[in-house]
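Chains as they are written, first to last, in the working numbering: chain R, 1 to 265; chain S, 1 to 198.
Read the hints as simulated data drawn from the structure, not as lab findings.
Errors might be hidden in some of the hints.
Unchecked claim - With a straight-line Cα cutoff of 27 Å, these simulated DSSO-like cross-link-like pairs (lysine-lysine) come out:
#1 R/Lys34 <-> S/Lys188
#2 S/Lys80 <-> R/Lys19
#3 S/Lys188 <-> R/Lys19
#4 R/Lys34 <-> S/Lys33
#5 S/Lys24 <-> S/Lys36
#6 S/Lys80 <-> S/Lys188
Source: prediction; values computed, not measured.
Below are the chains, spelled out letter by letter.
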Amino acid sequence: MKNNKDQLSELYRQQAQDKAPEQLNQSVLNIAAKKSEQFAGKNTQTHFFGQLIPFEKSHWLGVGSACCVMILSLSILVPMTQTPLHQSQSVENSHATVSASERILKQRSELYTQKTETMFDQVMDADQSPAIKATATLSTAPVKVSAQKRIAQSQRSKPTLSTIAPKSRSFSAPSNLPKEEIATEQDMIMSDSVLVNPAMESSSLADQYMPATQSPRTAAQWLKIINERLAAKDFESARLAVEDFSRDYPDYEQPENWKVWLHTD
Amino acid sequence: MGLLATLQTLKSDESLMLAYQAGKFSSFEVLYKRYKDSLYRFFKYHCAGNSQGAAHAEDLAQDTWAAIINRVEHYQATAKFKTYLFTVARNKLIDFYRRYGHLENHCDSFDDEAIDNDRQYRKSQPSEQEQQLHQQQLLRQLDKLPIDQRQAFILKEEGFSVAEIASISDVNTETIKSRLRYARTRLKQLLTAAEVQL
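Okay, chain S solo, but in the shape it has when bound:
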């Protein structure tokens, strides 16, 4: 890695974005490498219960990055770029759920019905698929969380602070803390139920 590239990696997200705004493509490359995987995971784990989840995640990630690129002229370094990026991502996700009706189908609270449905789902799957699901129990159970709790949990595990998640979700920090608490409790129950089942 050259000295210039090393210096680029040391720059803040905001300065890289401003440099890209000035026409430096290399700045965007550095920025993209920082967040491409976390953004992709954000979408993929939201769509974990969908057989086309990976494809949806890829589309949503591209839409999000395209929105960032197309609005780069209007970008102002008033907030963290990471927060800005995932706010756009969240909006894209909401649009996606509204478009395909998934938003209403997800329960907003923990209930036994969800666990039962999950058990029925896993019983119907082949053993090879069961093995894969076993390996990714957590991610599989994420799909059973309400979307706000799932979103808060994923962002928190991707390294965001409570304040940043609150900013992205456009709610206060106490709400995010509550969502995180509910999400962890639910996941624990789901994982325990899954282990029992397995």
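Isolated chain R, as found in the complex:
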């Protein structure tokens, strides 16, 4: 049986060598090609820019998926980024404002430092060379003008602010400059010191003491001021007032208790 099977198979292989006719092949392949074109027509959608790039359905699905992901990402990210953006803008604005104010303060601070140093130098040199002092005063003229304006403003709010600090008295006396210029310079120093240290504005000494150069007082007024200082046990202020009083009224003989309390001999 096996021989029979093998013989028949061999015989079949020898004889069964017919091949499909070429006409049949062409016919079938044409049918298949037409069908394939139909598939291509169904699966392909032309690009809206003008049939330049054929996009298959799978491509459109990919593009659509990518767009969905982008939209979702934006919808998540935009609310997260908007608030910090506004905050950062406001922070930037505040930084800009702060930096501007810092700049102004810095400029003022530098200006005051320069002026203070200049004034300090002037004070130190005042006793040695009045001419140099006058030059220094002239060189700081713009500063002096602005200082005078600030003094005028502060005088409007606090009328007694123009009074000079006791320390300034120490260099006002030996100056050879005209009294008005000296007074202006003293005011400028006072105003600068007040601006640098606003606590000086509330000083009772500054409020109560008025220099003789600005408003000459009568002997009775001096006596009243000095007695008030002594009653208040403000001996330092009283001593300065006595000195000024003695300068304005050198013939006035001081009471003994003044000499004891104030050591003004």
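Starting from the structure of chain R, add chain S where the hints point.
Relative to chain R, chain S alone:
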């Protein structure tokens, strides 16, 4: 042959069919080249006893391929493509026999009458034709087999397994084995009788 074409030939029938389903015509070309001759032979040897056998075989092959192409949208790779192709081919053949009445004319079993008829047929043919028939005795005798035995034999010689033939013929494997056994016995007798006659 390019690299792409070489890769195409390495693909399975099913993947090629799915690729064609996706619109790749080249996949179908590869698939067609694999089975065009065996399918054509399947039809031709079934119609070997008919003078228009080759023409019928060509028509039947084209109908079968056309059916495969037209149903490609519905193709699912649940079975072997080869089995699917020849199942369609078998159905086409059955339709052909029913249409032309050949199915009833073929005997379902071996008998001496068939051999006698064959002898009478060959006696009436010219010597040149006898020579051609002599050269293709087996194929000539195939036409004398019952259609199921002939179909099983042809498919088996075209490389199908018993299980695949059973699947194509929609019967169990034991039936196919029986048909194959009967077909070989019959062919042996027919060939022996033909040789004696020759």
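We went through each hint and held it up to the structure:
1. R/Lys34 <-> S/Lys188: violated, 46 Å
2. S/Lys80 <-> R/Lys19: holds, 23 Å
3. S/Lys188 <-> R/Lys19: holds, 25 Å
4. R/Lys34 <-> S/Lys33: holds, 18 Å
5. S/Lys24 <-> S/Lys36: holds, 18 Å
6. S/Lys80 <-> S/Lys188: violated, 32 Å
In summary, the numbered hints that this structure violates are 1 and 6.
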